[in-house]
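Asks: Chain residues, written in single-letter form:
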Amino acid sequence: MHKCARCGKTVNSLEEVSNGCSCGSKIFVFDKEAISAQKELEWREVSPPWAGLPPEYAKNEGSSGKSQQAEADVSKAEGDGRPPPSYFARATFTSEDVENIKILGEGVFLLDIKAISNEPLVIKDEEEVYYIRLPFENNLRIVSPQSKDEGQKAKPGQ
Amino acid sequence: MLDKIVGWLKRLFMRKKSVSLGIYGSPNVGKTTLANRICVDLVGEPMGAISPIPHETRVVQKKDKVSLKLHGYTLTMSLLDMPGIAVKVDYRDFLGYGLSKEEAQKRAREATRGVVEAVRHMDKVDAALFIIDATQDPYTQANITILGNMEARGIPVIIVANKIDLPEANVSRVKEAFPGYNFVEVSAMTGENIDKLYSEIVQKLT
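So the protein sequences, as listed, match chains A and B.
Okay, so the first sequence: first residue is 1 according to my numbering, each after it adds one.
Okay, so the second sequence: first residue is 1001 according to my numbering, each after it adds one.
Hints should not be assumed to be uniformly reliable.
[To be verified] Just some of the chain A residues that point at chain B, by a computed CB distance under 10 Å:
no. : residue
1   : F93
2   : E96
3   : V98
4   : E99
5   : V122
6   : K124
7   : E126
8   : E127
9   : V129
10  : R133
[Claimed, not checked] A few chain A residues that don't get close to chain B, going by computed Cβ distances all over 10 Å:
no. : residue
11  : M1
12  : V11
13  : L14
14  : E15
15  : S25
16  : K26
17  : I27
18  : F28
19  : T92
20  : I101
21  : G105
22  : G107
23  : E119
24  : P120
In short, the hints are calculated from the structure, not lab data.
Glycine residues also receive a C-beta, built at the ideal position from the N, C-alpha and C atoms.
Chain A with its partners taken away, still in its complex shape (with noise of 0.2 Å):
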């Protein structure tokens, strides 16, 4: 990243450099700062800095008062960094929910910890798809095409 030596304007490409800025100056410094600003933009872009949200922020519902609380206290906190609106309502279990664990993004998880010890599991990923995980022991044995060759024929209960 450089910037112009006479009006003091930031470039970002290689192309304005050799064109020179439009102040006719053809002089420019390197500028260390700006560079080491932008790495920190892009680190908190990679790990979002509300992925380590205490459990409140987690657990308020829509857009209640204390929800529109606690995202105010974050954007104040985290200033540009601040969780997108959506993150919030993805944060959240609500009564429509049928999931009860929610993959808000890379490496981050929501689970619905009382759900998850009765209920079969259910993932709902960043793009909307459900899987589920039957709750049941697989205790039956079929003859699969590779088993039958080798004459396992298996009856259920086995």
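Given chain A, work out where chain B should sit, using these hints.
Replies: Relative to chain A, chain B alone:
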């Protein structure tokens, strides 16, 4: 083993007046078509709507007092048409049927809830018809897992290979996949072999 004997004795001596018969299977194998066939035959009215779009039945449908009189026996049933059990519900699968993204996502959410309901109802059924589409590969995770669980719970099961009216149906493949079960091949659509199914139900549940 002891549990199985106790369960069998309970069923023998504490026989209910009405048997709760669940119709289970994967989506679009013809569960509701079969339920409609049985209900029209025995009650005179269908059970629910059918559709080429998977997961049309998203809540458990129930029809009480379905009486089957055969071979001198009278079997009174509560027939439960279950939502199709799947291990993945992707709303994008519905988009090809003309549904909007919102409609497809709503259907996916309801279908997933239906799967959970169907699983919960396994505690409530006395017996089950497990429907398998004879035109499809029977070796699916859902088929194997559900049948295994029913077996473990001691729920009497009749495997019904459906859609035998279609030329690509392969009944022997289904039969070989799950040997040792009571087995009937039918076409719920045309009614072919439906009497054989009734006979099997009476033999199994009376």
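Asks: Do the numbers back the hint for E126(A), that is, is its least Cβ distance to chain B under 10 Å?
Replies: violated, 13 Å
Asks: With 10 Å as the cut and Cβ atoms as the points, is R133(A) at the interface with chain B?
Replies: It holds, given that the least Cβ distance between R133(A) and chain B is near 7 Å, below 10 Å.
Asks: Would the least Cβ to Cβ distance between F28(A) and chain B come out above 10 Å?
Replies: holds, 47 Å
Asks: Let's test the interface hint: is any C-beta of chain B closer than 10 Å to that of E96(A)?
Replies: Hint on E96(A): holds, closest Cβ of chain B at ~8 Å, below 10 Å.
Asks: Grab the minimum C-beta distance from E127(A) to chain B and call the hint holds if it beats 10 Å, violated otherwise.
Replies: The hint holds - E127(A) has a Cβ within 10 Å of chain B, the shortest such distance being about 8 Å.
Asks: So is E119(A) really clear of chain B, every C-beta pair being over 10 Å apart?
Replies: violated, 6 Å
Asks: Going by Cβ atoms, does S25(A) stay more than 10 Å from chain B at every point?
Replies: S25(A) clear of chain B: closest Cβ-Cβ about 51 Å, beyond 10 Å.
Asks: Answer holds if the nearest beta-carbon of chain B is closer than 10 Å to that of E99(A); otherwise answer violated.
Replies: holds, 7 Å
Asks: May I ask you to test the interface hint for F93(A) with respect to chain B, counting a Cβ-Cβ separation under 10 Å as satisfied?
Replies: violated, 13 Å
Asks: Any CB of chain B closer than 10 Å to the CB of V122(A)?
Replies: holds, 6 Å
Asks: V129(A) was flagged as interface toward chain B. Is the shortest Cβ-Cβ separation under 10 Å?
Replies: holds, 5 Å
Asks: Is the hint on K124(A) kept, meaning its closest Cβ partner in chain B is under 10 Å away?
Replies: At about 8 Å, which falls below the 10 Å cut-off, the nearest Cβ of chain B leaves the hint on K124(A) intact, so it holds.
Hint compliance for this structure: hints 1, 7, 23 and 24 are not met, and every other hint is.
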